[in-house]
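K.L.:
Under my numbering, the sequence shown has 60 at position 49, and the numbering climbs by one with no breaks.
Treat the hints as calculated values from the structure; they're not laboratory data. We put the CB at the ideal spot given by N, CA and C, even for glycine. Do not take every clue at face value.
[Unchecked claim] Simulated crosslink set (BS3-like; lysine-lysine; CA at most 27 Å straight-line):
1. Lys36 / Lys123
2. Lys123 / Lys133
3. Lys118 / Lys40
[To be verified] Taking CB as the label site, the calculated pair distances span:
4. Ser101 / Thr56: 16 to 26 Å
5. Ala198 / Gly152: 16 to 26 Å
6. Lys118 / Thr47: 38 to 48 Å
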Amino acid sequence: MKTQLALILAATLSVPALAAEPVAKGDPKAATSIVTQVCAACHSTDGNSATPANPTIAGQGYEYLYKQLMDFKSGERKNPVMAGIVANLSPADMKNLAAYFSEKQAKPRTAKDKDKALLGQKIYRGGVQGSGVPACASCHGADGRGIPVQFPRLAGQHAAYTQLQLNSFRAGERANDAAKMMRVISAKMTPQEMEAVAQYIEGMR
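Please model the complete structure; the sequences and the hints are all you need to start from.
P.N.:
So, in structure tokens, the structure goes:
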């Protein structure tokens with residue numbers, strides 16, 4: 012319990028500098044051409060990706076979206092495909108894109124494996140006491156909608172994508188999390204627990 016509380020407190024006190032001061036919003040209308048020409052192929056024009064490996068970004072927090080785009084450009088978050096896509100985008104373009112997708116409505120999904128989702132629900136709401144994994148709800152909210160500025164929305168995200176990100180954090184391949192929080196947490200999770208949480212998250216609405 013002490014370990015879980017320490018992780019939650021560390022995350023709360025150590026959110027990125029970007030989160031400390033909300034970023035001035037861009038113009039969603041100005042992003043339309045970039046969305047159509049660049050983003051739609053993988054994320055669709057409304058941000059609801061049809062491909063499980065590509066994240067749904069509709070309804071995601073504005074600051075989170077902007078930070079991820081900036082991290083892809085700086086190399087803080089590694090992804091060859093996204094690095095190439097953002098290479099020619101300006102900070103203003105990224106703000107406009109973040110504003111555009113944050114205003115879209117995420118479409119509800121259903122967990123594909125009900126039994127795994129039930130286990131995932133327990134972990135999401137209560138953590139894993141024996142291994143010190145805190146409840147996901149502590150930071151991402153009971154409904155999975157996240158905490159604006161600080162923590163991203165998870166509800167309705169593709170299970171395959173969520174599981175991939177947890178594995179990436181665990182392996183240290185993704186390292187743009189505040190205070191190494193997700194790297195620390197994922198290192199305590201088993202592959203089965205990651206899959207279960209991912210299944211539950213996909214069915215959250």
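K.L.:
Taking the hints in turn, state whether each one holds.
P.N.:
Consistency of the hints with the structure:
1. Lys36 / Lys123: It is violated: about 36 Å lies between the C-alpha atoms, which goes past 27 Å.
2. Lys123 / Lys133: holds (17 Å)
3. Lys118 / Lys40: Between Lys118 and Lys40 the Cα gap is close to 21 Å, so the pair holds against 27 Å.
4. Ser101 / Thr56: 16 to 26 Å: With Cβ atoms ~21 Å apart, the hint holds.
5. Ala198 / Gly152: 16 to 26 Å: About 23 Å separates the Cβ atoms of Ala198 and Gly152, which means 16 to 26 Å holds.
6. Lys118 / Thr47: 38 to 48 Å: Distance hint for Lys118, Thr47 is violated at roughly 19 Å.
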